[in-house]
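Could you build all of it, start to finish, from the sequences and the hints given here?
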Amino acid sequence: MRKSQMIAIKKVAAVVVSSAIILTACGGENASSGVYDANSKAEISWLNILHTASPPTDTVLNKLEEKTNSDITFSWIPDASKEERINTALASDSLADIVTLTLLDNSSVRNALKSGMFWEVEPYLKDYPNLAKIPPETIKSASIGGKLYGVPFQKDLARNGVTLRKDWLDKLGLEVPKTTDELMEVAKAFTEKDPDGNGVDDTTGFVDRNDLVYGAFKTLSSYFGTPNNWQVSEDGKMTPEFMTEGYMKTMNYMKDLYDKGYINKDFAVTAKTDQQQKFAQGKAGIYVGALFDSKNLLNMSKGVQDKMELVMANDITSTGNESDRAIWAANNGIGGLLSFPRSEVKDEAELKRILKFVNDLLDEDSYALMTYGIKGTHYTVDDKDAATITNTDLWQQEVQPFAASRPKESGFKIHDADPLKQMADKMIADNANYAVLNPAYALESETYNTQGSELQKMITDATYKYILGEIDANGFNQAIESWKSAGGSSIISEYEASYKATQS
Amino acid sequence: MILPGFLYFVIFKYLPMGGLIISFQDYQPYLGIADSPWVGFKHFIRLFTEPTFFMLLSNTLILFALNIVIFFPMPIILALMLNEVRHRYFKNAIQTIIYIPHFMSWVIIVSITYVFLTVDGGVINEMLAALGFQKISFLTSPEWLRTMYMAQIIWKELGWSTIIYLAAITVVDTQLYEAAEMDGAGRLRKTWHVTLPAIRPVIITLLILKIGTTLDLGFEHMYLLLNSLNREVAEIFDTYIYTAGLKNGQLSFSTAVGLFKGLVGLVLIMMANKLAKKFGEDGVY
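Here the protein sequences line up with chains A and B, keeping their order.
Take 1 as the starting number for the first sequence in our numbering and just add one per residue.
Take 1 as the starting number for the second sequence in our numbering and just add one per residue.
Everything labelled a hint here was simulated from the structure, so no lab data went into it.
Please read all numbers here as calculations on a predicted model, not as lab measurements.
Here a beta-carbon is modelled for each residue, glycine too, at the ideal position from N, C-alpha and C.
Don't take every hint at face value.
[As the list claims (entries may be wrong)] Listed next, the in silico DSS-like pairs over lysine-lysine satisfying Cα-Cα at most 25 Å (straight line): (1) B:LYS135 with A:LYS272; (2) B:LYS247 with A:LYS457; (3) A:LYS295 with A:LYS178; (4) B:LYS247 with A:LYS114; (5) A:LYS63 with A:LYS283; (6) B:LYS135 with A:LYS265; (7) A:LYS255 with A:LYS278; (8) A:LYS188 with A:LYS272; (9) B:LYS247 with A:LYS193; (10) A:LYS133 with A:LYS67; (11) A:LYS188 with B:LYS135; (12) A:LYS302 with A:LYS278; (13) B:LYS42 with A:LYS114; (14) A:LYS484 with B:LYS135; (15) B:LYS135 with A:LYS255; (16) B:LYS135 with A:LYS278; (17) A:LYS352 with A:LYS133; (18) A:LYS260 with B:LYS135; (19) A:LYS484 with B:LYS247; (20) A:LYS457 with B:LYS42; (21) A:LYS421 with A:LYS307; (22) A:LYS178 with A:LYS166.
[Said to hold, decoys possible] Some, not all, of what chain B presents toward chain A, calculated at C-beta under 10 Å: (23) ARG46; (24) GLY121; (25) THR140; (26) ASN227; (27) LEU229; (28) GLU232; (29) THR243; (30) ASN248; (31) GLY249; (32) LEU251.
Structure, rendered in structure tokens:
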């Protein structure tokens with residue numbers, strides 16, 4: 001490159017860099033400093049994920065601010081676009097005092113955490129009663145390279161299961177299935193025996209969506225003994241789930257469902273909302289997903305399918321042996337991190353004040369506020385701490401959006417009075433005993449960080465194609481081979497090395 | 001007077017180009033451009049050696065070719081046909097009606113398509129079934145993807161694209177038509193020998209401009225159509241940049257892909273311009 005060109009490029013670069021600096025400087029730096037005073041009112045900005053269609057109104061927020069002695073400003077990121085929005089926020093350093101990071105295996109999030117962009121919080125946790133109670137396993141799973149860069153969201157380990165139409169089962173004289181074969185029988189009967197009795201062939205067994213993880217596939221695969229993402233042998237050999245027998249069995253099962261028409265034909269392009277609508281409209285009788293979805297499904301069916309009764313199953317196996325019970329654990333029970341960027345939280349004093357705020361959020365009262373709302377306005381509670389939502393519309397508007405902001409979502413005295421929700425909670429608690437963890441969750445692989453999700457697409461695509469009959473077992477094995485050669489082999493060896501390092 | 005325009009281009013068009021530098025770095029936001037490590041052509045090498053590259057390139061080029069060969073002539077033909085409509089109010093009404101789809105977002109158009117084409121009770125498939133045909137899974141078959149894509153573009157943009165040709169036609173000198181009539185030309189002849197040559201420069205200019213935006217096939221549109229089963233024909237540079245870059249946070253890599261895409265576009269527009277000049281037209285620069 002000629003010298004003059006070089007100089008020109010340097011000049012351009014200088015202009016770009018300096019304008020970037022000017023832009024970030026304009027980004028509203030909080031000039032808050034000083035000593036940590038536990039009783040001072042905290043000014044907190046929070047970059048948070050929104051799972052509902054619109055952000056909450058101020059009603060509950062005001063109460064929450066009162067409770068935690070703070071002034072909270074939310075910046076909401078819709079769940080559907082969280083990946084790009086969080087990445088852009090990280091890239092442009094436009095963060096807030098608290099940033100909700102849910103995708104800990106996203107490479108830019110991981111790199112940002114490892115780079116020291118956020119405060120390391122583990123040494124401080126012991127000073128706060130609620131934070132001190134976070135179990136050590138949770139801290140271990142949520143750590144990256146042995147360091148905890150935020151307060152982990154404590155989620156239930158495994159919340160998935162099967163929801164079925166009880167009224168249909170009763171009408172056809174069927175039992176709640178215990179094995180995958182029985183589940184297939186139910187699917188067959190729901191499809192062929194006109195369970196809604198309208199004389200038209202308009203029902204299917206399963207209704208599924210375009211998601212191999214949170215849809216039916218992964219939960220069914222647990223029933224066939226498939227590991228959760230990775231399997232590690234005693235001598236430290238790692239095998240991805242799609243190279244196991246269980247995965248193949250699950251694909252064959254789904255293929256069977258598809259070929260025989262026991263599942264909605266377009267499940268590969270069906271969105272979650274459409275899936276739930278279809279179930280609520282009585283087009284299908286088997287829903288695989290989070291167990292607590294059953295309450296929503298029943299609510300959605302009001303006025304359309306008034307006879308709907310639901311029953312849940314979480315103990316299905318492929319063999320019928322209780323000892324084979326298993327259910328995959330989403331992210332090993334970590335819902336992400338509440339993390340505190342150093343660019344916003346300037347000093348230790350500020351960090352301590354914010355940690356106190358998070359600690360307050362973990363109180364029973366805060367939990368009740370963020371789950372049920374304000375007593376008398378949104379819900380009533382009986383003397384056994386069972387809460388009933390009195391105004392569902394208002395609750396959906398003002399309270400529901402907060403649900404995803406709760407740092408912990410079970411283990412409180414107050415509970416839902418709805419029998420279906422109680423049942424779901426009990427089953428989810430029960431699931432924890434059979435949860436299959438992902439052994440690679442806390443491991444490091446550079447190839448996975450950079451190309452992991454591109455590589456995963458190859459497998460996901462091949463899985464769909466196999467189920468829809470476009471490729472056979474040979475074709476699927478070819479997909480595995482190309483996965484290996486495109487970088488999969490490196491992921492395996494990097495994980496093995498990382499696993500070895502953590503064992504010794 | 002030129003200052004505001006000049007500043008606009010400097011601030012919003014030229015300064016951001018400096019950001020292309022990050023395609024030669026392992027850019028990490030908290031380090032910034034100044035401190036991120038330089039990696040040379042690493043990201044370009046990765047792009048060219050990844051198995052997806054040829055898939056991306058061929059998908060993009062095929063769709064581009066379809067756009068040029070099928071879609072590009074359509075508004076010209078439509079404009080010529082509209083020009084023959086003598087009833088003014090009728091003509092205006094048609095014009096207004098065919099503009100409307102342009103104002104709908106891709107989300108709406110693709111959703112409508114889904115409702116029509118789904119196998120689970122979609123109107124088209126129900127009709128096929130009623131007529132005794134097999135149902136077709138339009139949404140998940142790679143074979144139907146391009147047809148669907150083109151049909152949606154035609155439906156949405158055809159009317160809107162005629163505007164400029166209609167405008168060009170209105171300025172054609174009426175004396176030419178009169179002269180042609182004296183020579184005994186019919187309507188078809190007049191269209192062929194007067195109208196078409198008169199709007200030829202406009203056609204050429206628009207063609208070159210269209211080629212310049214070659215590889216911009218509409219991210220939103222394709223992203224909505226893309227799924228696991230049609231990826232082999234539906235994944236294009238635009239969608240790949242989004243998933244590999246923004247969603248996975250590989251900013252440097254996706255910048256490299258974007259830069260490559262831009263260079264291909266530049267080469268194509270230069271070629272087209274040269275070709276236009278060779279055939280005695282003005283070109284765009």
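Hint by hint, here is what the structure shows:
1. B:LYS135 with A:LYS272: Measuring from Cα to Cα gives roughly 24 Å; hence the hint holds.
2. B:LYS247 with A:LYS457: 13 Å, holds
3. A:LYS295 with A:LYS178: Holds - the C-alpha atoms of LYS178 of chain A and LYS295 of chain A are around 22 Å apart, at most 25 Å.
4. B:LYS247 with A:LYS114: Holds: LYS247 of chain B and LYS114 of chain A sit about 19 Å apart, inside 25 Å.
5. A:LYS63 with A:LYS283: 42 Å, violated
6. B:LYS135 with A:LYS265: 11 Å, holds
7. A:LYS255 with A:LYS278: 21 Å, holds
8. A:LYS188 with A:LYS272: It holds: about 23 Å lies between the C-alpha atoms, which stays within 25 Å.
9. B:LYS247 with A:LYS193: 45 Å, violated
10. A:LYS133 with A:LYS67: 21 Å, holds
11. A:LYS188 with B:LYS135: 21 Å, holds
12. A:LYS302 with A:LYS278: 13 Å, holds
13. B:LYS42 with A:LYS114: This hinted pair holds, its Cα atoms lying about 22 Å apart.
14. A:LYS484 with B:LYS135: 36 Å, violated
15. B:LYS135 with A:LYS255: The hint holds at about 18 Å.
16. B:LYS135 with A:LYS278: 20 Å, holds
17. A:LYS352 with A:LYS133: 17 Å, holds
18. A:LYS260 with B:LYS135: 15 Å, holds
19. A:LYS484 with B:LYS247: Holds. LYS484 of chain A to LYS247 of chain B sits at ~23 Å (cutoff 25 Å).
20. A:LYS457 with B:LYS42: This hinted pair holds, its Cα atoms lying about 22 Å apart.
21. A:LYS421 with A:LYS307: Distance ~18 Å between LYS421 of chain A and LYS307 of chain A Cα, so the pair holds.
22. A:LYS178 with A:LYS166: Given pair LYS178 of chain A, LYS166 of chain A holds - Cα atoms ~14 Å apart, limit 25 Å.
23. ARG46: 9 Å, holds
24. GLY121: 9 Å, holds
25. THR140: 5 Å, holds
26. ASN227: Status holds, d = 5 Å.
27. LEU229: 5 Å, holds
28. GLU232: For GLU232 of chain B, the interface hint holds, since the closest Cβ of chain A sits about 8 Å away, which is under 10 Å.
29. THR243: 8 Å, holds
30. ASN248: 5 Å, holds
31. GLY249: Interface hint status for GLY249 of chain B: holds (2 Å vs cutoff 10 Å).
32. LEU251: 6 Å, holds
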